[in-house]
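**Student:** Its first residue numbered 1, the sequence shown is counted upward by one per residue in the UniProt record's numbering.
What the hints contain is simulated information worked out from the structure, not anything from laboratory work. Possibly wrong hints are sitting among the right ones.
[Said to hold, decoys possible] Pair ranges (Cβ atoms, derived): (1) D78 / G24: 41 to 49 Å; (2) L80 / A51: 17 to 25 Å; (3) E40 / A102: 44 to 52 Å; (4) D15 / E40: 37 to 45 Å; (5) K89 / P29: 32 to 40 Å; (6) D78 / K119: 43 to 51 Å; (7) L80 / G59: 43 to 51 Å; (8) E35 / L101: 26 to 34 Å; (9) L80 / V112: 32 to 40 Å; (10) K119 / A32: 30 to 38 Å; (11) R91 / K119: 28 to 36 Å; (12) K56 / V112: 44 to 52 Å; (13) K119 / G59: 19 to 27 Å.
Ideal placement from N, C-alpha and C gives every residue a C-beta, glycine not left out.
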Amino acid sequence: MLIGIIAHESGFSRDTIRYYEKIGLLRLPKRARRENNYKEYSPAILSRLRAIKELKNIGYTLAEIQQVIMSYETGGLDCLAGKAQVLEKVRLIDQQITQLLAIKQQLLEAVVDCPNHCKITAILDNTLIGI
Numbered sequence: 001m002l003i004g005i006i007a008h009e010s011g012f013s014r015d016t017i018r019y020y021e022k023i024g025l026l027r028l029p030k031r032a033r034r035e036n037n038y039k040e041y042s043p044a045i046l047s048r049l050r051a052i053k054e055l056k057n058i059g060y061t062l063a064e065i066q067q068v069i070m071s072y073e074t075g076g077l078d079c080l081a082g083k084a085q086v087l088e089k090v091r092l093i094d095q096q097i098t099q100l101l102a103i104k105q106q107l108l109e110a111v112v113d114c115p116n117h118c119k120i121t122a123i124l125d126n127t128l129i130g131i
């Protein structure tokens with residue numbers, strides 16, 4: 001499959017696929033190039049892209065995905081260690097949710113007195129005076 005087909009089938013853009021190659025998430029054998037220098041992507045690459053997409057959808061970063069895939073390929077994927085990592089991610093997500101809720105509350109408070117008093121203008125007036 002050429003990159004256009006693999007992009008369409010995987011839902012990733014061509015640039016994203018090239019980026020994944022560059023950072024090592026996708027590895028193509030040297031023989032993957034055709035005579036015209038186009039790359040030939042195998043069904044295995046499509047499967048890998050689909051796995052990457054699913055892992056991204058549940059919150060894994062590219063670095064974490066690379067680590068998980070490498071562990072899987074070497075037979076070192078440990079379910080108990082993976083569980084601890086997932087629970088740590090959940091803890092961090094809970095922390096982010098708390099921070100986002102606090103920001104949301106501050107934004108709501110910033111507009112509560114609009115249009116009579118603009119908190120954003122007040123912040124700018126207090127910090128940009130004399131600049």
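**Student:** Identify every previously stated hint that the structure contradicts and give their numbers, smallest first.
**Tutor:** Violated hints (numbers, rising): 1, 4, 7, 8, 9, 10, 12, 13; every other hint is consistent with the structure.
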